[in-house]
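Q: Next come the chains, spelled out residue by residue.
2 protein chains.
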Amino acid sequence: MQAVGVVVEYNPFHNGHAYHVQQAKKLTKADVVIAVMSGQFLQRGEPALVDKWARTKMALASGVDIVIELPYVFSTAHAKQFAYGAISLLQAAGCQTFTFGSEDGRLEPFLDSFVLIQQNKELYDAFIKEFMTTGISYPKALQEAYTALQQQFPGTYIDLAKPNNILGFHYIEAAHLLKNKIQPATITRIGAGYHDAINEQSQIASATGIRQALFQEKVLQNINQFVPSPTYQLLEEWQQVHSTFASWHTFWPLLRFAILRHTPEQLSAFPDVSEGIEYALIKHAKNALSFNDFMDKIKSKRYTWTRLQRILTHIYTGITKQQLHAHTEPSYIRLLGMTENGQRYLSMYKKHMTLPLISRVAATQNDMLSLDIRATTMYQQGLSFHTMNDDYNTPPIRR
Amino acid sequence: MQAVGVVVEYNPFHNGHAYHVQQAKKLTKADVVIAVMSGQFLQRGEPALVDKWARTKMALASGVDIVIELPYVFSTAHAKQFAYGAISLLQAAGCQTFTFGSEDGRLEPFLDSFVLIQQNKELYDAFIKEFMTTGISYPKALQEAYTALQQQFPGTYIDLAKPNNILGFHYIEAAHLLKNKIQPATITRIGAGYHDAINEQSQIASATGIRQALFQEKVLQNINQFVPSPTYQLLEEWQQVHSTFASWHTFWPLLRFAILRHTPEQLSAFPDVSEGIEYALIKHAKNALSFNDFMDKIKSKRYTWTRLQRILTHIYTGITKQQLHAHTEPSYIRLLGMTENGQRYLSMYKKHMTLPLISRVAATQNDMLSLDIRATTMYQQGLSFHTMNDDYNTPPIRR
Chain A
1 MQAVGVVVEY NPFHNGHAYH VQQAKKLTKA DVVIAVMSGQ FLQRGEPALV DKWARTKMAL
61 ASGVDIVIEL PYVFSTAHAK QFAYGAISLL QAAGCQTFTF GSEDGRLEPF LDSFVLIQQN
121 KELYDAFIKE FMTTGISYPK ALQEAYTALQ QQFPGTYIDL AKPNNILGFH YIEAAHLLKN
181 KIQPATITRI GAGYHDAINE QSQIASATGI RQALFQEKVL QNINQFVPSP TYQLLEEWQQ
241 VHSTFASWHT FWPLLRFAIL RHTPEQLSAF PDVSEGIEYA LIKHAKNALS FNDFMDKIKS
301 KRYTWTRLQR ILTHIYTGIT KQQLHAHTEP SYIRLLGMTE NGQRYLSMYK KHMTLPLISR
361 VAATQNDMLS LDIRATTMYQ QGLSFHTMND DYNTPPIRR
Chain B
1 MQAVGVVVEY NPFHNGHAYH VQQAKKLTKA DVVIAVMSGQ FLQRGEPALV DKWARTKMAL
61 ASGVDIVIEL PYVFSTAHAK QFAYGAISLL QAAGCQTFTF GSEDGRLEPF LDSFVLIQQN
121 KELYDAFIKE FMTTGISYPK ALQEAYTALQ QQFPGTYIDL AKPNNILGFH YIEAAHLLKN
181 KIQPATITRI GAGYHDAINE QSQIASATGI RQALFQEKVL QNINQFVPSP TYQLLEEWQQ
241 VHSTFASWHT FWPLLRFAIL RHTPEQLSAF PDVSEGIEYA LIKHAKNALS FNDFMDKIKS
301 KRYTWTRLQR ILTHIYTGIT KQQLHAHTEP SYIRLLGMTE NGQRYLSMYK KHMTLPLISR
361 VAATQNDMLS LDIRATTMYQ QGLSFHTMND DYNTPPIRR
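Chains A and B are the protein sequences, given in the same order.
Be aware that the first sequence starts at 1, since it is given in full-length UniProt numbering, and climbs by one per residue.
Be aware that the second sequence starts at 1, since it is given in full-length UniProt numbering, and climbs by one per residue.
Note that these hints are calculated values from the structure, not bench results.
Where is the CB? At the ideal position from N, CA and C, for every residue including glycine.
One or more hints might be untrue.
[Stated by the list, open to error] If you want the footprint, here are the derived chain A segments under chain B, 3+ residues with CB under 8 angstroms:
(1) 237–247
(2) 378–384
[Claimed, not checked] Residues of chain B clear of chain A, computed beta-carbon distances all greater than 10 angstroms:
(3) Tyr124
(4) Gln151
(5) Gln216
(6) Val241
(7) Leu260
(8) Tyr332
Please put together the full structure from these sequences, using the hints given.
A: Structure follows, in structure tokens:
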């Protein structure tokens with residue numbers, strides 16, 4: 001059996017995702033699709049709309065055969081580490097290929113961009129250094145250095161100003177670091193851009209657009225046309241149980257409590273908290289009227305929205321620099337769910353996997369896994385769960 | 001002008017308190033009554049029903065002239081440290097005497113009990129050691145040693161099994177440690193025992209009884225006869241603004257969040273967390289259905305209700321062993337409020353006080369004070385305050 005991997009958040013699973021899964025199978029002639037999916041907290045530093053089990057159900061109902069969890073350490077990290085964790089896990093799970101979305105379905109611009117930087121590392125670094133002296137931010141300097149490199153060596157490259165392209169670039173890089181035992185492929189993304197609002201004429205909307213519609217209009221019906229019916233049903237069930245979707249808006253009273261419970265010195269133990277941002281966090285947490293008001297008060301050129309949200313995620317979950325940075329390599333494959341087809345694959349290939357497959361967390365003692373469990377516990381607090389859907393009592397979803 | 005001091009929590013201020021204040025003034029012929037009052041968290045390890053400003057208003061409306069704050073470090077400590085902090089502050093504020101409630105108004109049994117232990121320290125310690133070997137708890141062993149000492153040296157002593165007597169004992173001890181520059185006196189407590197439920201025939205009820213009535217029956221009218229009318233009005237106003245009184249029941253979602261956000265190792269940084277209680281806290285915080293359910297699950301012979309509540313107070317406020325134990329001597333007199341009469345006293349004697357008088361916290365940098373400010377911030381989180389009654393923006397109450 002052949003397996004193709006995809007790297008996903010499914011926040012929530014929509015028609016564009018269903019299309020990608022279908023095409024991934026077709027393009028690679030794979031028998032099973034394995035999705036490595038972020039757990040409760042996502043790469044932009046946000047809680048997922050609904051928990052990882054609900055999102056696993058959505059995926060299994062719409063074409064994915066196996067869902068494994070991208071550990072918290074990677075799911076909340078910057079693109080490079082996020083991609084490395086994800087591709088490592090897909091390789092460990094036995095995928096021969098992985099696919100990712102692109103604007104035009106051509107892999108070459110990604111490969112060429114990677115080679116461009118790879119082969120001109122010294123020049124690239126010199127450019128970055130030079131641009132940094134002009135006082136611009138590090139990400140901005142990376143961008144400018146990349147442009148300068150392209151002028152030096154003309155060719156067809158990807159635009160690294162686009163978030164999806166940055167991820168694609170780092171997937172290629174990860175495959176390279178993993179000695180290309182797992183092969184990349186790309187599939188044209190259809191219908192909607194990464195952050196586009198929903199469009200009533202289409203069946204495809206970005207996850208960002210769908211979330212906006214859910215939070216701003218609060219009418220689930222509005223997104224019906226953009227998601228497979230199992231997603232719709234699962235969102236409806238979730239809303240009935242929790243009366244809200246998870247967001248920083250929902251979690252704000254607890255986040256504020258977490259911030260104010262620390263001294264500035266204690267806050268600086270959390271990842272990426274430095275340069276005095278700890279004082280601003282405390283000062284504005286006291287007076288902010290809402291999460292958005294808080295963010296408006298603390299954001300700056302240096303501290304972008306995403307960077308701040310990642311910091312807040314770690315403060316919220318209580319996961320320190322020391323705990324987060326103790327781990328750089330995935331050490332397990334956490335199974336969140338599988339179809340019958342997925343189960344067949346696992347039965348056949350489990351023993352060949354290069355990392356242990358974990359179905360029951362209670363049987364495992366692993367520091368990296370303990371952070372995933374913590375993330376779930378804290379996610380649940382935000383929704384005032386009591387005893388449901390705990391990492392210990394939720395077995396892998398079967399479909 | 002002569003000042004008499006009282007050590008209080010006023011949770012809430014009731015008729016028994018009003019009687020004590022009146023008698024204290026009469027007995028000592030003092031011109032002003034100074035109350036050293038616990039801030040937002042109390043000696044039994046609980047948040048106060050209403051905040052320190054509301055309680056200050058109650059006191060000033062019913063006979064107290066000056067209210068100063070007993071810092072968090074002392075207000076949440078065991079009896080010995082609580083009493084030492086309180087009596088030190090009353091002395092520093094210029095009180096020649098202090099009064100406390102007793103069953104029969106006789107001071108001698110307190111003094112004799114103190115001298116009994118003081119003069120037979122070695123024998124007392126030997127008794128304690130002996131009783132500890134039988135496997136009983138430390139407080140129990142203290143109790144037994146005290147009984148044994150009384151048998152050896154017959155006399156009229158106080159019963160140290162009663163919480164109020166324990167406090168009285170430690171007030172005497174504190175005065176002794178402070179070289180008896182401040183003199184103790186005692187006033188007969190009338191009407192109700194420390195923990196007695198309310199009695200419809202009486203005008204006196206214990207604060208415990210009043211709180212029970214407020215939480216269990218939720219009808220403010222039921223306590224009307226037991227409190228001065230300003231107390232009643234202030235409780236009514238509070239209820240209108242916050243719709244609830246502060247309690248662990250109200251604070252439970254935040255307390256649970258605080259516990260679960262830590263590893264067992266991190267929890268052991270909080271005062272008195274040791275011997276594995278950190279594991280029990282995390283385990284039961286996950287599954288408990290309410291604060292009371294949680295307490296039932298974690299309490300034991302070794303960890304009594306009060307001891308646990310004090311631990312939980314420190315976890316809730318985020319105040320660590322290191323922060324709490326850095327301070328053993330009061331270093332400021334924090335003014336919470338005063339009447340005109342109180343203000344006259346302060347104007348005359350302020351410069352003779354042996355500690356700085358603080359009216360505005362913003363002007364002061366003091367580590368012990370920063371814990372009081374933190375306690376207020378965290379107290380407010382439990383009631384979902386936004387920007388009201390902060391330590392920085394609330395000047396002393398004037399009446």
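Q: Against this structure, judge whether each hint is valid.
A: Hint by hint, here is what the structure shows:
no., hint, result
1, 237–247, "violated (count 0)"
2, 378–384, "holds (count 3)"
3, Tyr124, "40 angstroms, holds"
4, Gln151, "49 angstroms, holds"
5, Gln216, "23 angstroms, holds"
6, Val241, "17 angstroms, holds"
7, Leu260, "5 angstroms, violated"
8, Tyr332, "19 angstroms, holds"
In this structure, the earlier hints numbered 1, 7 are contradicted, and the remaining ones agree with it.
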